[in-house]
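A.B. asks: Now for the letters of each chain:
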Amino acid sequence: MRRTSFPLFVASSLILAVLASAETRPRYGGTLHVALRAAPASLEPSDHGVVDFASLIYDTLITVDQRGQSQPCLATSWQADPGNQRWRFLLRSGVTFSDGKPLTADGVAASLRIANASWKVFADAGGLIIERDSPSPYLPAELALPRNSIVKRESGKEVGTGPFVVSQWVLSKKLVLAAREDYWDGRPFLDSIEIDLGESFRDQVMALELGKTQLIEIAPVQARGAGIESLRVTKSAPAELMALVFAQPSGSAQEQQLRDAFALSIDRESLNKVVLQGGGDPAGGLLPNWMTGYEFLFPSQMDLTRAREARAEVPHADVWTLGYDPNDSVERVVAERVVLNAGEAGLRLQLAPGNTADVRLVRIPLASLDVHIALSELAAALGLPKPNYGSDSIDDLYGAENTLLQSHRVVPLLHSPHEWAIAGTVRNWTGTRDGNGRWRLPDIWVSPNKP
Amino acid sequence: MSGPSNRPVYNSPILNMLSSVLPFSESSICLLAILLLAPNVFATDWGGPEQQLASKIASATGPGAFAINVVNRSSLSLSQAEEIRRALLANLSALGVRPTNTDAAAGTVNITLSEGLQNYVWVAEIHQGSNQAQVQIVSLPRPDVASPDRATFPMTIHKTLLWTDDSRILDVALFSANPQQMIVLGAESINLYQFQQGRWQGQQSLSISHVHPWPRDLRGRLVLRKDHLFDAYLPGVFCRSTATTPLAVNCYDSDDPWPLGPAGIDPPPENAFFASTRNFFTGAISPGIGKQTTAQPFYSAAMVPRENYALWVIDGVDGQIHLLDGITNRTAGTLDWGSDIAGVHSGCGRGWQILVTGSSDTPGDTVKAFEIPDREFAVVSQAVEFAGRITALWTSSDGSSAIAISQIAETGRYEADQLSIICGQ
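Chains as they are written, first to last, in the working numbering: chain A, 31 to 481; chain B, -1 to 423.
Among the hints, a few may not be true.
[Unchecked claim] Partial list, computed: chain B residues near chain A (C-beta under 8 Å): (1) Ala58; (2) Leu74; (3) Leu76; (4) Val121; (5) Ile124; (6) Tyr250; (7) Asn277; (8) Gly336; (9) Gly356.
In case anyone wonders, no lab produced these hints; they're calculated from the structure. Just so it is clear, CB atoms sit at the ideal spot from N, CA and C, and this is done for glycine as well.
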């Protein structure tokens, strides 16, 4: 039985046609062409527009992996004294900056002092000491933020220890990076990366279709639009928070009631369907549910009846101005719909493009996959008080986030993903779960064959 | 002998990292015996969190009759969620919180089985009277996902998990001894294990000294030897062990060629030079396949013995499959193959098969067995699947099996499997 069936099977399985390329192992060489909307005015890692590619030029002491765990990078180990105010880090040996000079503890200390003026950072017995003025149990994850990249500043230039070195920099226009043969974590597969900056979403799509670019950003409204379906689109988990932030604290109980009415009046489901084409999630909390597991506890449904009741209990309500970025078409549409929703609850808002307004529409990317650092960074970006975590427990995290929301300063609207379109020749694209920065472009390689 | 300077050490707040820190840690559990019971190994004990949440709820409500609803918003299966629901209700009843319908209830307890990035998060919202809802939360770590079992086929590739580790695995070699022993080649160390009391237990860790940084996509190969225990080949580095335990290893810069094929044969049939800063063989072969001493740069090669000669299949960097028979270098074309192939002498069919990785750009990977009955390749087994990309596929030293190393996409952990071919089924 075995002998008769086997040849038949073999015969039927003969490979007569060949369809695809023979490669799964990464291939060295080639240039990756990238287009970005950001047009940074410097290569400082703290510059908002540099976040996406900072990790190509600079390293941090520690990185945070896809599960939110701290992992070694330029620091190989770390230890906190009791109280978590004083930390000691051991640095990796044999690391050099892209100018060939060795990484030293003094150099790391100087870099971190510039990024964090209030920190006491100094070299000590082959290691590095960081002293904070308050307990900092989440310091390792904080050190993984791009702004804490280790940078050597000489003659007005920034030099890093990262996998690529800057070979051309045209201010806000173009950045060309070359692979470092001596990178401590292995030479990148790509020979170089060329990044065109300040490109509109529309121009990016055209460049990809014409084969001039291999990696572009996709705007939420584009992602499910005509012409995009033929592209290879990848997206992060819904991570960017879109929210409304009041410029001033709520001074009175009546003001709080009006803000409650405002939050209840907003139809987040429709915003998600219309603006994000269903690609995001209505947000009741600051951190997304996939990260904390408890965001669903914060209500995000519109309740017009309760909104009107709350509004009716306050005899007089001023007209609020609503600020947004006039150059961002998504923000404009959202702002218009928010004004309409609020109007149905009896609240009057007036659009005021720009940053000076009673309420501002903001979009804040998730800064870290460490939940505590992510919430702290969100609070800082929103102008809210620093969250107070009693312990590591999920109850305390929930409590800290709930306190921020109860401040009546912020109204979460949506969590939206970051989306990219990638040419078929680009392999090993992993992106990141939060979709913010930390591209793993050193692991990417370009195939000469189309899939 | 371990390399403390390269081995991260963390403090207590980073508990989950400890498994990758401790040499031979108990957490590095892997084991032939356990593998057979893999689904049970990965099962989670819900008892603790069930009691914890029930206790928190009971503290908030006090004894009485409550409407209790349980909703699953997590990746737990229906049966798991149902099991947890039943246990929660039993625990609550034991604490005096009895389930009842809404009309007769003193309040409502809505329990949600949710999850975050690292943890299962179970949330109870307790509504009593007109008071604001109270929230009680417990969390427990989410386990890593185990790879599922796969179906069988006439000629079957049998996959046996040997070892898993958070750190990169380059190759694994098993050698017969009493008790059985295993060598695991990592990026920075070579670790020896002994199978005792039903599990692999660490015996020794030997650090690999190297001056230059390793290339990305690091590769390395272990070869068992007769006059000493093993040789390890890494890009630009060669390591030779001593013959007796406790072992020592001497590593030094070397561009010596790596053995191809079943390397345990002394001398090995062919050797090839590896590019020390890349991830491929240069194409220079020693002593040579017949008269052929060069081929295209390649990622991997497999030997298929014929009656009067050995046919070599070369998986080229150019994406092509080349056949070298000692005289001609024929291109078989661009096949739907991955970059890694390995020859295995199973005794089935034509005796030798080539194991071939898949070429899909998906997170998982596959291995199929092929034969070359004439001039065409023929598939002779169904694909065996892997939860992550295969990073290495080497013929074992005796040629009877292959070692496949894969990196699980979900967790980033490395897994070493022994692949052997079983005739029929």
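A.B. asks: If a hint holds in the structure, say so; if it does not, say that too.
C.D. replies: Each hint, compared with the structure:
1. For Ala58 (chain B), the shortest C-beta to C-beta distance to chain A is roughly 12 Å, which exceeds 8 Å, and the interface hint is violated.
2. Below 8 Å, beta-carbon pairs count as interface contacts, and Leu74 (chain B) has none with chain A, the closest being about 12 Å; its hint is therefore violated.
3. The closest approach between the C-beta of Leu76 (chain B) and any C-beta of chain A is roughly 19 Å, which is over the 8 Å cut-off, so the hint fails.
4. Hint status for Val121 (chain B): holds, given a least beta-carbon distance of 6 Å to chain A, under 8 Å.
5. The restraint placing Ile124 (chain B) at the interface with chain A is violated, with a minimum CB-CB distance near 12 Å, outside the 8 Å limit.
6. Interface hint at Tyr250 (chain B): violated, since its Cβ lies 18 Å from the closest Cβ of chain A, which is beyond the 8 Å cut-off.
7. Residue-level restraint check for Asn277 (chain B) holds (minimum Cβ-Cβ distance to chain A is 6 Å; threshold 8 Å).
8. Below 8 Å, beta-carbon pairs count as interface contacts, and Gly336 (chain B) has one with chain A at about 4 Å; its hint therefore holds.
9. Because the beta carbon of Gly356 (chain B) sits about 7 Å from the nearest beta carbon in chain A, less than 8 Å, this interface hint is met.
In terms of the numbered hints stated before, the structure departs from hints 1, 2, 3, 5 and 6, listed from lowest to highest.
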